[in-house]
Amino acid sequence: MKSAVIVFPGSNCDRDMQVALAEITGTAPIMVWHRDSDFPAVDLITVPGGFSYGDYLRAGAMAAHSPAMAEVKRRAAQGVHVLGVCNGFQILTETGLLPGALMRNASLRFICRDVYLRVEASRAPFTGLYKTGQCIRIPIAHADGNFYADDETLARIEGEGQVAFRYAGQDGKVAPEANPNGSRNNIAGIYNAQGNVLGMMPHPERLIDKMLSGTDGRAMFEGLTGALAS
Amino acid sequence: MSPRPEAPITEEVIAAHGLSTDEYARVLEILGRTPNLTELGIFSVMWSEHCSYKSSRKWLRRLPTEAPWVICGPGENAGVIDIGDGLAAVFKMESHNHPSFIEPYQGAATGVGGILRDVFTMGARPVANLNALRFGAPDHPKTRHLVSGVVAGIGGYGNCVGVPTVGGSCEFDPSYNGNILVNAMTVGIAPADRIFYATASGIGNPVVYVGSKTGRDGIHGATMASAEFDDTAEAKRPTVQVGDPFTEKLLIEACLELMREDVIIGIQDMGAAGLTSSSFEMAGKGGVGVEIDLDQVPVREASMTAYEIMLSESQERMLMVLKPGREDVARRIFEKWELDFAIIGQLTDTGRMVLRKDGGIVADLPIDPLADAAPVYDRPTRATPLPAEVAAADVPAPADIMAALESLVGSPDLSSRRWIWEQYDHMVMADTVARPGGDAAIVRVHASRRGLAMTTDCNPRYCYAHPRTGGAQAVAEAWRNLTAVGAKPLAITDNMNFGNPERPEIMGQFADCIEGIRDACLALDFPVVSGNVSFYNETNGKGILPTPAIGAVGVIDNLEKRAGLAFPAADLDIVVIGESRGHLGCSAYMRHLLDRRDGAPPPVDLEAERRNGDFVRAEIAAGNVTCCHDVSEGGLLVTVAEMAMASGIGASLTAPEGAPALHALAFGEDQGRYAIAVKDGQALVSKAKTAGVAATLLGRTGGGELTLTGAGTISVARLRTACETWLPSYMGDGAA
Amino acid sequence: MRARVHVTLKQGVLDPQGKAIGTALKSLGFSGVDEVRQGKFLELDIAETDPAKAHQQVSEMCEKLLANTVIEDYAIELDS
Amino acid sequence: MRARVHVTLKQGVLDPQGKAIGTALKSLGFSGVDEVRQGKFLELDIAETDPAKAHQQVSEMCEKLLANTVIEDYAIELDS
Ligand SMILES: Nc1ncnc2c1ncn2[C@@H]1O[C@H](COP(=O)(O)OP(=O)(O)O)[C@@H](O)[C@H]1O
Ligand SMILES: [Mg+2]
Chain A
1 MKSAVIVFPG
11 SNCDRDMQVA
21 LAEITGTAPI
31 MVWHRDSDFP
41 AVDLITVPGG
51 FSYGDYLRAG
61 AMAAHSPAMA
71 EVKRRAAQGV
81 HVLGVCNGFQ
91 ILTETGLLPG
101 ALMRNASLRF
111 ICRDVYLRVE
121 ASRAPFTGLY
131 KTGQCIRIPI
141 AHADGNFYAD
151 DETLARIEGE
161 GQVAFRYAGQ
171 DGKVAPEANP
181 NGSRNNIAGI
191 YNAQGNVLGM
201 MPHPERLIDK
211 MLSGTDGRAM
221 FEGLTGALAS
Chain B
1001 MSPRPEAPIT
1011 EEVIAAHGLS
1021 TDEYARVLEI
1031 LGRTPNLTEL
1041 GIFSVMWSEH
1051 CSYKSSRKWL
1061 RRLPTEAPWV
1071 ICGPGENAGV
1081 IDIGDGLAAV
1091 FKMESHNHPS
1101 FIEPYQGAAT
1111 GVGGILRDVF
1121 TMGARPVANL
1131 NALRFGAPDH
1141 PKTRHLVSGV
1151 VAGIGGYGNC
1161 VGVPTVGGSC
1171 EFDPSYNGNI
1181 LVNAMTVGIA
1191 PADRIFYATA
1201 SGIGNPVVYV
1211 GSKTGRDGIH
1221 GATMASAEFD
1231 DTAEAKRPTV
1241 QVGDPFTEKL
1251 LIEACLELMR
1261 EDVIIGIQDM
1271 GAAGLTSSSF
1281 EMAGKGGVGV
1291 EIDLDQVPVR
1301 EASMTAYEIM
1311 LSESQERMLM
1321 VLKPGREDVA
1331 RRIFEKWELD
1341 FAIIGQLTDT
1351 GRMVLRKDGG
1361 IVADLPIDPL
1371 ADAAPVYDRP
1381 TRATPLPAEV
1391 AAADVPAPAD
1401 IMAALESLVG
1411 SPDLSSRRWI
1421 WEQYDHMVMA
1431 DTVARPGGDA
1441 AIVRVHASRR
1451 GLAMTTDCNP
1461 RYCYAHPRTG
1471 GAQAVAEAWR
1481 NLTAVGAKPL
1491 AITDNMNFGN
1501 PERPEIMGQF
1511 ADCIEGIRDA
1521 CLALDFPVVS
1531 GNVSFYNETN
1541 GKGILPTPAI
1551 GAVGVIDNLE
1561 KRAGLAFPAA
1571 DLDIVVIGES
1581 RGHLGCSAYM
1591 RHLLDRRDGA
1601 PPPVDLEAER
1611 RNGDFVRAEI
1621 AAGNVTCCHD
1631 VSEGGLLVTV
1641 AEMAMASGIG
1651 ASLTAPEGAP
1661 ALHALAFGED
1671 QGRYAIAVKD
1681 GQALVSKAKT
1691 AGVAATLLGR
1701 TGGGELTLTG
1711 AGTISVARLR
1721 TACETWLPSY
1731 MGDGAA
Chain C
2001 MRARVHVTLK
2011 QGVLDPQGKA
2021 IGTALKSLGF
2031 SGVDEVRQGK
2041 FLELDIAETD
2051 PAKAHQQVSE
2061 MCEKLLANTV
2071 IEDYAIELDS
Chain D
3001 MRARVHVTLK
3011 QGVLDPQGKA
3021 IGTALKSLGF
3031 SGVDEVRQGK
3041 FLELDIAETD
3051 PAKAHQQVSE
3061 MCEKLLANTV
3071 IEDYAIELDS
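Chains as they are written, first to last, in our numbering: chain A, 1 to 230; chain B, 1001 to 1736; chain C, 2001 to 2080; chain D, 3001 to 3080.
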């Protein structure tokens, strides 16, 4: 599988994503500078975490207008798979590739900790190796992860099965206490209507190594590798 | 040549610049004429305590700074040690106390920014941040606001630049009510043969300015007092420095990219006293002169004066001397990262600093006398005598030891710091092997099996009671925290936070803490490679507790062989390494439960410390021990409780034969000890005895409760609630 | 010419910052605070001197970057 | 009564956000943007109906919480 990581000024999980992709897919991803709209064809484009442009104005707002993202939008429309993590998710909502918006955490504080997620549906290529309803542990690290969509949009997202992950307790139960940031319906990650674009606040690329206290993130990259092998 | 005169240099102006009569006389002698205002400003910052170390220099020379693995000791931007595989660790800790009290968010944020620059200036990629924080009493009206702002500021900056904040320390004491401590530490990794130094050389070589523009940020407090000689004073009032972590991130990437090219001769960040100290230090070290055209300096506001440009403390700026003809390579890189880049001058053979602006000379100063001949003071000292020992028999036992334990683990100083570290991205870069909450954090050396362990430590109450013991204890505790995770301790950075050095008792605290640090460094082969001194931490004549914060770094050769503090399983033996004598003087127990601060601190037996630690480390390295926690504040029972809380597994303990009174065994703070959980405790005890190390079987892990025979039982869940509740509930939700 | 732009959350969009400020004000003893909403206030110095053109230009900036029109409204004022 | 509060950085204080917005606008092709400053805009509904008292109350809120007076200025307007 060929993959790419888009790098913006202020990205800081680009290397983590690069390492995860290289290790699990077996092929080093192409690192694409934000000014570059002419990068080779790939099976998966990732938009990594960090603080593109310092998260100034709004998280992801400035990165969304980069030449590279214009190209990502074009390719997503053609069906190329796109994964946005954390700041990447924020950027994808700012470009309009995903619905809704990510607002300041309800506590107003940055939160870095492991959370439990309920996998809403086992669905290739992103979550095909997880079981529907499986509870996985993945870290979050963000100040603006409070997912918001108006009632109508939310109803549509829910109705079309676009919710990928919800914050849950260790027992897998989706409950208000398990919501770390105030997201509507405990939403931690969503798909676009076509299902080829996934944005999520938690960082699967940070939990792929036993040495780093967990491997629950691996299955996502393994699933992608299997499904998108070209 | 005499520079352009500016405002008249009156006695008030001299005083406002913090120069004593003697010091000013020295200025006149060096120059052979009256300085103009810009020159006076330069002298004042170069000779300030902060830049010149004039009160501390004599004592700092006492610190041991050498070991075979030290590549660069104190004197550069940060210390450098060899960590194997051709790599070096570069680290330093620095205070930002006063700015953080004025504006906690920005003060702390810019503290982090400053220490990061000290590290990447030397060619290292920063891989971890730590901090040492001290706040006033929890019930002081300002404390909550300060905690909230400082923690948010540290996180705000570190998270954005993408360097994990992996550890630190945080304590409360009324002595910090008016003077909080914010000490920030950065650890970086560089190729051992590619370290960059702050030395200028090569007559004619270009002097280059990169990073952010210069504004009127944090200009020396003296300018406030000098308002009367400037009628636009209001608009020009010095302003608090605001950090721009986004620009810092770009600066890190740009500098590291440039360092892969062969173009830099010397590089120095602009920290305190900005362009002044960076240019003087680089030139002073290289024995060259400099000519700078201040009109070339990128400024944020038009109409900045020479004085302001030279004294500005705007953040995220660096000064470099480049190889001739290589300016374009550098310019291209900085333009790619959208940073300012300007050639502002060149090196000369005059040994003088000549500054030009608007076509004229605005300062012309000899460099050596300023950089090297700064005043040095031998201030009088008064020693703190060793307080009388408090016998355990004279310290009342609590009615209920387990209730006392619950209260201790839920006390301001011993409760969990989770509320703090969850606001720090402690995992970014995906190499954090041991997250905050253990004895030392462990960060993997990227793409290797090697790891760096790091910690910050100091017990200011020990230091206050007996500075020499306290100084030694701080170093020993840092060494022990590294050992407890299985690391070989390599070197330390020290951040000396004290009151007014002009008072003999404060200077005595300082001198004795240094002696204690020296004792421990020598005994433990643990040299000082960098450090920082912060004096005048006092309000209304009352100093803070002497706080020599120690930041320490060690190496783990094989990360498979390391230890953590959570009990890995039930049915393991618990062994205590080191002797438990029940020393209660200066203990958390006495302070928190009896409101007593008397007695001598626990003695530090450096020989036993070393023996015990070397034994423990060898056992971890051999794979025999994977669960270990050093015994520090709160004593043995608190230590075991922490191991239980981290795992959810309980333990039952019985006082060994010959142990001190139960409450003294539980809460005594004897040094040089570790609690270990292993399958075969008896075997470990025998092995220890053979090695001449005191070791005792204390109990077994298992169940959901912690029991001490004769003292009762408490559930681990209940302890956890106490431990996890205090800080979040103190801070309230969305505390502002 | 100077443009002043107010970016505010659309009605109905939950405002975590405003809510937290409201709670904090109450805990500081300010009673009678009903609702707090937080928005952004931007001041831009622009070269354009024709008011109609300037307005047009700033509107475009808002649509493209300054506001996220999924959740935010904006209002423009021009000083000269 | 509704209070509108503008919180802006004091003159001379670095505004990293404003700076970044200015750069972004330029790279989006908006030339002629000189300087951008970002501030906060707060709307508060308060129970107090007397304008003088309301002003007094909101000033206190600003001093205590809404503005960081070390680096920020604030301005209050009251609608009724
Ligand atoms: N200000 C802080 N920032 C980050 N981590 C902290 C801070 N204060 C304490 N910690 C973490 O909490 C844990 C306990 O701290 P401390 O009691 O000082 O440990 P020790 O007794 O082992 O030195 C350590 O892992 C430490 O890194
Ligand atoms: Mg410890």
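Careful: at least some of the hints might be erroneous.
[Claimed, not checked] Under 10 Å between C-beta atoms, here's a sample of chain D residues computed to sit facing chain C:
1. Ser3031
2. Arg3037
3. Gln3038
4. Phe3041
5. Ala3047
6. Val3070
7. Leu3078
8. Asp3079
[Claimed, not checked] If you want the footprint, here are the derived chain A segments under chain C, 3+ residues with CB under 8 Å:
9. 55-64
10. 145-159
Keep in mind that the hints were calculated from the coordinates and are not lab data.
None of these values were measured; they are calculated from a predicted model.
Glycine included, C-beta positions come from ideal geometry on N, C-alpha and C.
Each hint tested on the structure:
With its C-beta approaching chain C no nearer than about 8 Å, serine 3031 of chain D sits inside the 10 Å limit, and its interface hint holds. With 10 Å as the threshold, the beta carbon of arginine 3037 of chain D comes within range of chain C, its nearest partner Cβ sitting at about 5 Å, so the hint holds. Annotation: glutamine 3038 of chain D was flagged as interfacial toward chain C, and the flag holds, the nearest CB pair being 6 Å apart, inside 10 Å. Contact between phenylalanine 3041 of chain D and chain C, as hinted, is supported at the beta carbon level, the nearest pair being about 4 Å apart and thus within 10 Å.
Restraint check, alanine 3047 of chain D versus chain C: the minimum CB separation of about 3 Å is within 10 Å; hint holds. Look at valine 3070 of chain D: its Cβ only gets to about 18 Å from chain C, farther than 10 Å, so that hint breaks. Here the hint on leucine 3078 of chain D is broken, as its CB sits about 14 Å from the closest CB of chain C, past 10 Å. Annotation: interface hint on aspartate 3079 of chain D violated; nearest CB of chain C at approximately 13 Å, more than 10 Å.
Only residues whose beta carbon comes within less than 8 Å of a beta carbon in chain C count, and the region 55-64 of chain A has 4; three or more means the coverage holds. With 3 residues having a Cβ less than 8 Å from any Cβ of chain C, the region 145-159 of chain A passes the three-residue criterion, so the hint holds.
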